[in-house]
Amino acid sequence: MSSSLDIPPASSAVTRTKAKIGVRTLRTDKWWVMPLVTVIVLVSFIAYSTWRAFMNKYYFSEPLISPFYSPCLSDACPPEATLFGWTPFPSNMLGFTISPALFILVFPLGFRLTCYYYRKAYFRSFWQSPPACAVAEPHKKYTGETRFPLILNNSHRWFFYAGLVFNVILTYDALIAFRNADGAWGHMSVGTLVLLANAAFLWMYSLSCHSCRHAMGGRLKHFSKHPVRYKAWTWISKINPHHPRFAWISLFGVALADFYVYLVASDTITNFYFF
Amino acid sequence: MGYKAKFKIWRGDNGDGELVDYAVEVNEGEVVLDVLHRVQAEQANDLAIRWNCKAGKCGSCSAEVNGKPRLMCMTRMNTFEETDTITVTPLRAFPVIRDLVTDVSFNYEKAREVPAFSPPVGLKPGEFRMEQDDVQRSQEFRKCIECFLCQNTCHAVRDHEENKQYFAGPRVLMRVAELDMHPLDTLDRKKTAQDDLGLGYCNITKCCTEVCPEHIKITDNALIPLKERVADVKYDPVRWLGSKIGVRKSDNA
Numbered sequence: 001m002s003s004s005l006d007i008p009p010a011s012s013a014v015t016r017t018k019a020k021i022g023v024r025t026l027r028t029d030k031w032w033v034m035p036l037v038t039v040i041v042l043v044s045f046i047a048y049s050t051w052r053a054f055m056n057k058y059y060f061s062e063p064l065i066s067p068f069y070s071p072c073l074s075d076a077c078p079p080e081a082t083l084f085g086w087t088p089f090p091s092n093m094l095g096f097t098i099s100p101a102l103f104i105l106v107f108p109l110g111f112r113l114t115c116y117y118y119r120k121a122y123f124r125s126f127w128q129s130p131p132a133c134a135v136a137e138p139h140k141k142y143t144g145e146t147r148f149p150l151i152l153n154n155s156h157r158w159f160f161y162a163g164l165v166f167n168v169i170l171t172y173d174a175l176i177a178f179r180n181a182d183g184a185w186g187h188m189s190v191g192t193l194v195l196l197a198n199a200a201f202l203w204m205y206s207l208s209c210h211s212c213r214h215a216m217g218g219r220l221k222h223f224s225k226h227p228v229r230y231k232a233w234t235w236i237s238k239i240n241p242h243h244p245r246f247a248w249i250s251l252f253g254v255a256l257a258d259f260y261v262y263l264v265a266s267d268t269i270t271n272f273y274f275f
Numbered sequence: 276m277g278y279k280a281k282f283k284i285w286r287g288d289n290g291d292g293e294l295v296d297y298a299v300e301v302n303e304g305e306v307v308l309d310v311l312h313r314v315q316a317e318q319a320n321d322l323a324i325r326w327n328c329k330a331g332k333c334g335s336c337s338a339e340v341n342g343k344p345r346l347m348c349m350t351r352m353n354t355f356e357e358t359d360t361i362t363v364t365p366l367r368a369f370p371v372i373r374d375l376v377t378d379v380s381f382n383y384e385k386a387r388e389v390p391a392f393s394p395p396v397g398l399k400p401g402e403f404r405m406e407q408d409d410v411q412r413s414q415e416f417r418k419c420i421e422c423f424l425c426q427n428t429c430h431a432v433r434d435h436e437e438n439k440q441y442f443a444g445p446r447v448l449m450r451v452a453e454l455d456m457h458p459l460d461t462l463d464r465k466k467t468a469q470d471d472l473g474l475g476y477c478n479i480t481k482c483c484t485e486v487c488p489e490h491i492k493i494t495d496n497a498l499i500p501l502k503e504r505v506a507d508v509k510y511d512p513v514r515w516l517g518s519k520i521g522v523r524k525s526d527n528a
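Chains F and X, in that order, give the protein sequences.
Heads up: the first sequence begins at 1 in our numbering, then just goes up one per residue.
Heads up: the second sequence begins at 276 in our numbering, then just goes up one per residue.
Quick caveat, the hints were computed from the structure, so don't treat them as lab data.
Since the model is a prediction, treat every value here as computed from it, not as a measurement.
All the given hints hold, so there is nothing to weed out.
No more than 25 Å apart at the CA atoms, straight line, and that leaves these computed lysine to any residue pairs for SDA-like:
| id | chain 1 | residue 1 | chain 2 | residue 2 |
| --- | --- | --- | --- | --- |
| 1 | X | LYS492 | X | ASP460 |
| 2 | X | LYS281 | X | THR360 |
| 3 | X | LYS439 | F | THR143 |
| 4 | X | LYS466 | F | ASN154 |
| 5 | F | LYS238 | X | ASP495 |
| 6 | F | LYS221 | X | LYS399 |
| 7 | X | LYS509 | F | ARG219 |
The following block holds chain F by itself, in its conformation from the complex (with noise of 0.2 Å):
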């Protein structure tokens, strides 16, 4: 006897489709603020950092150089700014001037393209796929990373090393910045603390990063057997729940250290001393 009841088994031959509801999404919340917001966020860094990279000036008063132009690599930067006087790179090629920026700035850009954290963000704003969750994409096909050129944010790990190399050069930079203009040591000025932050952002940021979680410990199975990894892998996991906070933080350090090396360096300001 068949009724308005009857369901079919979901064994059954039958063929079924998705519900057909019609509209995009039924959230009724503002989903579309934080793709917004990301966006603003995001070309703001990128107008004001291509800006920046392209000026080739006002990155460097002693003793402060803008991370954006450290390590200062062409034959161009005044020796005062360059890593022990090595400057492999010409400052004119073709023709063409080139920013010392444009040396170096490829690896803590891949180290941001590639992050775990980033690609959520860019995905959802940028891309929209999705903008949101439960919110369709207007995208027909959709591949993932699967094929080139999404599949190279595999590579994330390598860039993850560079910045360590990084990391590293920026914290000797906020470390020699204790030094007055004329190179006296033991002095220290706004411009020291502003380095210095911005290195233990970039320290936070790096060290929280997902890759460093497996690199320590994530790739092992048996955690008994390495307890000295375990330790840091533990400890790293437990900071990287705040990855995406030392992402967005440390991406503004970046830019505001770049902007007081560049208000001192233009005469603008004057870079005041505590000692």
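Fit chain X to the supplied structure of chain F, relying on the hints for placement.
Below, chain X alone, put in the same frame as chain F:
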């Protein structure tokens, strides 16, 4: 104090259907599932709902409430304003059987594609010995109640039906991660995860984590570690070279 709430409930069969309006009494302390049961009892006896424990532990009453994938039994009515119209639809990634009940067999089919736990040859059940530190990490994944909200929310299949043949979804890949981290599992599951179960389709947008009613950090603790493990064997030429010339020890360390 009770009040009359406005509900829109998707009613239909095999995909075709519509949102039907109901005005229904709501009392203090109730959840969406309580209200739907009142609709079922008083206004629509043939309303189909899948439910069981009413305690957020069986994973049966998954649906979408105001567009958000939720367990209906864990969605409290006092999180809405009395003037709100509450829309309840079936999970949008799976075929509808009737009303709010969907056919979730996709998830079981994909789960069957994961090779079973493979202990060392000769080690019999009862002889398994392992340290708590070695299994603790993946015990988080055992909290899964198989509500399939993560599978439903992942845009890789929710918005792209054609990807269901390639992508197993977060719940299934979390199982792969659990087994790959297991100290006694002997299979190398990394290439299977990437090549057969479609880990590359995951773009880390974390919706699976956002909707998990058990608050399992699916993305951070299962999918990203699995992606890193895959990178070890497929996208890391230095590790590959190291393993070939014997500098690197086995991944089963």
